[in-house]
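2 protein chains.
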Amino acid sequence: MLTIDGLQYSNWSRAIFEQMREGGVDAVHATLVYHENCRETLLRFGEWQRRFEEHSDLIMPVFEASDIELARETNRVGIFFGAQNCSPIEDDIDLVAIMRRLGLLIMQLTYNNQSLLACGCYEAEDSGITRFGRQAIREMNRVGMLIDMSHSAERSTLEAIELSERPVIISHANPASFHPAKRNKSDTVLRAIAESGGILGFSVYPFHLRNGPDCTLDEFCGMVADTAELMGIDHIGMGTDLCQAQPESVLTWMRNGRWTKAMDYGEGSQSNAGWPSPLAWFSDNRHFPNIVEGLRQKGFNHEEIDKIMGRNWLKQLTDGTRPAVNAAF
Amino acid sequence: MLTIDGLQYSNWSRAIFEQMREGGVDAVHATLVYHENCRETLLRFGEWQRRFEEHSDLIMPVFEASDIELARETNRVGIFFGAQNCSPIEDDIDLVAIMRRLGLLIMQLTYNNQSLLACGCYEAEDSGITRFGRQAIREMNRVGMLIDMSHSAERSTLEAIELSERPVIISHANPASFHPAKRNKSDTVLRAIAESGGILGFSVYPFHLRNGPDCTLDEFCGMVADTAELMGIDHIGMGTDLCQAQPESVLTWMRNGRWTKAMDYGEGSQSNAGWPSPLAWFSDNRHFPNIVEGLRQKGFNHEEIDKIMGRNWLKQLTDGTRPAVNAAF
Numbered sequence: 092m093l094t095i096d097g098l099q100y101s102n103w104s105r106a107i108f109e110q111m112r113e114g115g116v117d118a119v120h121a122t123l124v125y126h127e128n129c130r131e132t133l134l135r136f137g138e139w140q141r142r143f144e145e146h147s148d149l150i151m152p153v154f155e156a157s158d159i160e161l162a163r164e165t166n167r168v169g170i171f172f173g174a175q176n177c178s179p180i181e182d183d184i185d186l187v188a189i190m191r192r193l194g195l196l197i198m199q200l201t202y203n204n205q206s207l208l209a210c211g212c213y214e215a216e217d218s219g220i221t222r223f224g225r226q227a228i229r230e231m232n233r234v235g236m237l238i239d240m241s242h243s244a245e246r247s248t249l250e251a252i253e254l255s256e257r258p259v260i261i262s263h264a265n266p267a268s269f270h271p272a273k274r275n276k277s278d279t280v281l282r283a284i285a286e287s288g289g290i291l292g293f294s295v296y297p298f299h300l301r302n303g304p305d306c307t308l309d310e311f312c313g314m315v316a317d318t319a320e321l322m323g324i325d326h327i328g329m330g331t332d333l334c335q336a337q338p339e340s341v342l343t344w345m346r347n348g349r350w351t352k353a354m355d356y357g358e359g360s361q362s363n364a365g366w367p368s369p370l371a372w373f374s375d376n377r378h379f380p381n382i383v384e385g386l387r388q389k390g391f392n393h394e395e396i397d398k399i400m401g402r403n404w405l406k407q408l409t410d411g412t413r414p415a416v417n418a419a420f
Numbered sequence: 092m093l094t095i096d097g098l099q100y101s102n103w104s105r106a107i108f109e110q111m112r113e114g115g116v117d118a119v120h121a122t123l124v125y126h127e128n129c130r131e132t133l134l135r136f137g138e139w140q141r142r143f144e145e146h147s148d149l150i151m152p153v154f155e156a157s158d159i160e161l162a163r164e165t166n167r168v169g170i171f172f173g174a175q176n177c178s179p180i181e182d183d184i185d186l187v188a189i190m191r192r193l194g195l196l197i198m199q200l201t202y203n204n205q206s207l208l209a210c211g212c213y214e215a216e217d218s219g220i221t222r223f224g225r226q227a228i229r230e231m232n233r234v235g236m237l238i239d240m241s242h243s244a245e246r247s248t249l250e251a252i253e254l255s256e257r258p259v260i261i262s263h264a265n266p267a268s269f270h271p272a273k274r275n276k277s278d279t280v281l282r283a284i285a286e287s288g289g290i291l292g293f294s295v296y297p298f299h300l301r302n303g304p305d306c307t308l309d310e311f312c313g314m315v316a317d318t319a320e321l322m323g324i325d326h327i328g329m330g331t332d333l334c335q336a337q338p339e340s341v342l343t344w345m346r347n348g349r350w351t352k353a354m355d356y357g358e359g360s361q362s363n364a365g366w367p368s369p370l371a372w373f374s375d376n377r378h379f380p381n382i383v384e385g386l387r388q389k390g391f392n393h394e395e396i397d398k399i400m401g402r403n404w405l406k407q408l409t410d411g412t413r414p415a416v417n418a419a420f
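Chains as they are written, first to last, in this note's numbering: chain A, 92 to 420; chain B, 92 to 420.
The shape of chain A in the complex, shown without the other chains (with noise of 0.2 angstroms):
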């Protein structure tokens, strides 16, 4: 069984990375970036350097996807990075392969709000993929860095696809139909996402869940098997966005930002402003097993499993980070 996380933002330490390997986990997409500018992001891949030091028997980087190959062969998670927002670019087309360089195998073009490239999910109208926003998408293809929509608005997002050479993704987000935020999907985007050869990552963040953090994992994987249903086997994954050990301010990072003066509570609101509590059987890298355990009762064979588990993500790495001919950089 291969099992690669489509993201996670924890607060990292050797006990997590230690609980990553105690939970069977080869590969995890760890959020690099929220809002930080290309400077701020070079401070973060600065933090990870220090981390891969550190931690050279747990951990190590994965540039390409045959580094996973090679995680796994030593017994290491491999982490591959991703950016929830455009930022770390600016406004610099040339960021785009400096960033691929540097590792940043998957950028969001949006966080929620508006940004230079497309339109995010909490804005009132979305206008689609902005002037700089076609050329972004052009050179994420040529350098191979997966698009993720995640926090993107819907014209944005089909637009997107429409405008990729490449498959586009959904590295953490549920189906709108199992639980009904705007950090969800509807099945016009699941579908035009598999159609493009992409991926869902199924969250198990309790706002993205029906019923909160009291989502059993019968429903959860009930919500698997309708989506395999819609978007087809090869097309879904895990994205659990685990966002382990984060004090409050982290989540005000990732809702503010720089970019307003009055509190924005994202998808919690003044009276739910925290973390939501964590599910009975997820809370911590240690319980993959008992999703694939759920997976197993509601009827997926062991090559389902293992691709939703972790082949399918390794499918869009290996196909989608590779840079097209004659990119070098």
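Since the hints were derived computationally from the structure, they do not count as laboratory data.
Where hints are given, some of them may not hold.
Computed from the model, here is a short list of chain A residues facing chain B with C-beta under 8 angstroms [what the hints assert, rightly or not]: (1) Cys-129; (2) Arg-130; (3) Phe-136; (4) Gln-140; (5) Asp-183; (6) Leu-186; (7) Ala-188; (8) Leu-193; (9) Met-314.
Residues of chain A clear of chain B, computed beta-carbon distances all greater than 10 angstroms [what the hints assert, rightly or not]: (10) Asp-185; (11) Leu-342; (12) His-393.
All figures in this text were calculated on a predicted structure; none of them were measured in a lab.
Built from N, CA and C at the ideal position, the CB exists for glycine as well.
Model the placement of chain B on the given structure of chain A, informed by the hints.
Then chain B, alone, in the frame of chain A:
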């Protein structure tokens, strides 16, 4: 014959890349920046990405020494990057690995002035390698970034050699015994460079030569012969310091950066402020065969000339830019 030039900073163009091929050049150490900070250095990398895209039939980037072999096989010129100053890393030790990952294979610790790391060759007093400098040397050793002391002062250079666990280089300068100039190096320094396993790249920049622009090829090759005696045949190479087609504004930027309001003339003077006249026997990349011929006439055999023209540089890059074990970045 392998030809590798240990330093150029030209006004890059297709015409110049074509001249490189015409002159049989296999690889060139291109100066990426003089005084640019981190973010500005990324702008320069971005400009080079565009050149690599646009002229992919003529040039390719070198991230490791084996890329030079690939360049040779595909009849292209490998471009490897160096910074003439430590400005790209600002005050952040983590930027060493980040810049190495982006392809900065060489960094000078100083450019004429005192830097955060060491003292430059134009300062009145040299207090040696700084606290940050010691850390930077250790980190450069770890990630495989060559330490270049071309524009450094004597004490700092000797201390860097002492502190570094890997060879230290002088990419472009000449022996002070041939021509006394602040930028040229004492026999003490040259011997220490050779003992460290490093290399001296011979400059054809007229300010570094006896009789300036009138220096003859025979005089130049005599200097090479004398230095081969001093340092050994394995520790010398080319480092032309060719600055082709650059406007005077670039010379002003090299000399003045942002650090002075009063004009600094560097190696020139108020009455001789501009670029020096070029040599008759070496004014662009097509003239490397002249040096080969000059060395032959001076009595060097084929193997020795091959070492001077490129093999020694290839060895420096092969050994010196290999990251230390477990250096993941």
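A quick look at each hint next to the structure:
no.	hint	in the structure
1	Cys-129	holds (6 angstroms)
2	Arg-130	holds (6 angstroms)
3	Phe-136	holds (6 angstroms)
4	Gln-140	holds (5 angstroms)
5	Asp-183	holds (7 angstroms)
6	Leu-186	holds (7 angstroms)
7	Ala-188	holds (5 angstroms)
8	Leu-193	holds (6 angstroms)
9	Met-314	violated (37 angstroms)
10	Asp-185	violated (3 angstroms)
11	Leu-342	holds (26 angstroms)
12	His-393	holds (33 angstroms)
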